[in-house]
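Enquirer: The chain contents come next:
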Amino acid sequence: MSELLVPFAYDYMIKAMVISALVGGVCAFLSAYLMLKGWSLMGDALAHAIVPGVAGAYILGLPFAAGAFLAGLLASLGMYLVNQVSRLREDAIIGLIFTSFFAFGLLLVSIYPTAVNVQTIIMGNVLAIPDDEALQVLIIAAVSLTILTLKWRDLMVVFFDENYARTVGLHPIRLKILFFTLLSACTVAALQTVGAFLVVAMVITPGATAYLLTDRFHILLLLSVAIGAATSFIGAYLSFFLNGATGGIIVVLQTVVFLAIFLFAPKHGLLQTRRAAAASIAEHEQTS
Amino acid sequence: MKDKVSADISLNVSGVTVTYRNGNTGLRDASFSLSAGSICGLVGVNGSGKSTLFKAIMGFVTPTTGTVQIGGRPAAEAMRKNLVAYVPQAEEVDWNFPVLVEDVVMMGRYGHMGFLRTPSVHDRAMVTDALDRVRMTEYRDRQIGELSGGQKKRVFLARALAQEGKLILLDEPFTGVDVKTEHAIIDLMGELRDAGHLMLVSTHNLGSVPDFCDQVVLINQTVLAAGPTETTFTQSNLEEAFGGVLRHFRLDGTELHNDEDERGVTVLTDDERPVIFYGNKDRAHEPRRRQRDRDETGPPPEFMDDAS
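Line by line, the protein sequences are chains A and B.
Mapping of the first sequence onto the numbering used here: position 201 corresponds to residue 240, and the numbering continues sequentially without gaps.
Mapping of the second sequence onto the numbering used here: position 231 corresponds to residue 491, and the numbering continues sequentially without gaps.
Heads up, a few of these hints could be off.
Said to hold, decoys possible - Straight-line alpha carbon distances no greater than 30 Å define the calculated DSSO-like cross-link-like pairs of lysine-lysine that follow: (1) K341(B) - K190(A); (2) K315(B) - K215(A); (3) K190(A) - K315(B); (4) K341(B) - K412(B); (5) K412(B) - K306(A).
Hints listed in this document are in silico derivations from the structure and should not be mistaken for laboratory results.
Pulled out of the complex, with its shape left as it was, chain A reads as follows:
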């Protein structure tokens, strides 16, 4: 029994678990919106696009969050502009921009190999996170969570029916900018815990899982945050014993939860929809 409590005896483990849970929670909050709008891959694109920013910031000795944010902003702006002036489809533009940014990032890292460990950016390393970076992550997550808690209803109306949102006096463009700013900020934070490759899971899977469990948006938000925070906390905890990459464990856990719910969810699960379909066919046969 006491063996299971060992991780709590180490400061670095407690720090890792708390940060992971917080980041997992706030990414899950955003995931509820992203997956509903069909923008899931935007998260992926952003996560890859901030890599050169992080590398550049390390090289120049700036806070990594500043560099990442700048790169994220540039990438979003780039996607927006190309979308405006070309007749390419959106997915092609997203793919084009994020791979270019990512490649540039890798190039930077390979030219200045001492400046930053490429492993840290791509795989994340929350167990060895320095205090000042931990603080940055904490601030980003806390501020984002506060804003989202205050404005979740406005964002919901904008995501559901943008035209209507305007007629009740909301500002969809401002709210969308706010949303993407938060998304960029949180991808930066998540970079530290799970790395650039797996951030996309953090901003999709919890929301997708919760979507199968409820028809009400606020419950979807609560479930999503709970799933994101719990899997991240437990993932960080387990990584102590498994001695594996924290990010990998977190995302595997999220996938396991998703699969279980995909099969067994009470209303929208695979088994239940099959059963309901069979029941309605049987009923139909009986009446005819």
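Place chain B on chain A using the hints.
Expert: Quick look at chain B alone, frame taken from chain A:
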């Protein structure tokens, strides 16, 4: 809720031209004005600028020239004051979105709520009332994707009612809706008109326009004619608005009568309910207000449960 509209609403569109960024002109020099207690039909072919006009009224596009005034205020200000309620077409939203019927109607109250959008007792009462008026109370706990076409329309209507907008814009409210629901919507609009609301309804349903619209705006890139239905909704105006797009049937006097009567029957249709003119082609046409179908079928139309 017998809402009496306190300040009189009006809609003033003057000289509005909308040119899109790609150089296309959506609307040219459009002018008309409407005042409280009226239902106005907005009639024109697809691509005639109906949606552009709606967008200009709601302030989504800024006119290159001309102005839109709602209750004497610019569009954007009128929006902020919740003067305008919009009933969109069903295709405009994602029906898989995890919200219940009552959640959608509650969105109509957002403009009346504070920073955190926490619903008050009054907000909840307004939602209940709006659902009741469109006979959707028993569906309030349904996820919106589980509704039929007519029920979806009613949810949007309830949202507009809950919002208490004085100018209500309805975009094709009768598409995908059964006849009973159509009549119920028309009845509800009548109630709102009596309460002093102003409604602008875009429709393809030419046949029902004389039934419920007291005003009509005919549009094709610009406003061709605007005014009371009796004098504006005429065969010649319609033919001008629709060009060769309408199906057009005419039975002449000799085919209908065995005597010297020269009056003929003209049927104009946009593949929905046709509009029928009877009379001498050269005389001033006045579409006869047809008796509402309810007189033939007996009981007054209600919002029926049209879920299968």
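Enquirer: A separate judgement is required for each hint: does it hold in the structure or not?
Expert: We went through each hint and held it up to the structure:
1. Annotation: proposed proximity of K341(B) to K190(A) holds, straight-line Cα distance about 21 Å (limit 30 Å).
2. Distance hint between K315(B) and K215(A) is fulfilled; the C-alpha atoms sit about 20 Å from each other, no more than 30 Å.
3. Taken as a hint, the K190(A) and K315(B) pair is honoured in the structure, with Cα atoms around 26 Å apart against an allowance of 30 Å.
4. This hinted pair checks out: K341(B) and K412(B) have alpha carbons roughly 26 Å apart, not beyond 30 Å.
5. With a C-alpha separation of about 22 Å, the suggested pair K412(B) and K306(A) falls inside the 30 Å cut-off, and the hint holds.
The structure shown violates none of the earlier numbered hints.
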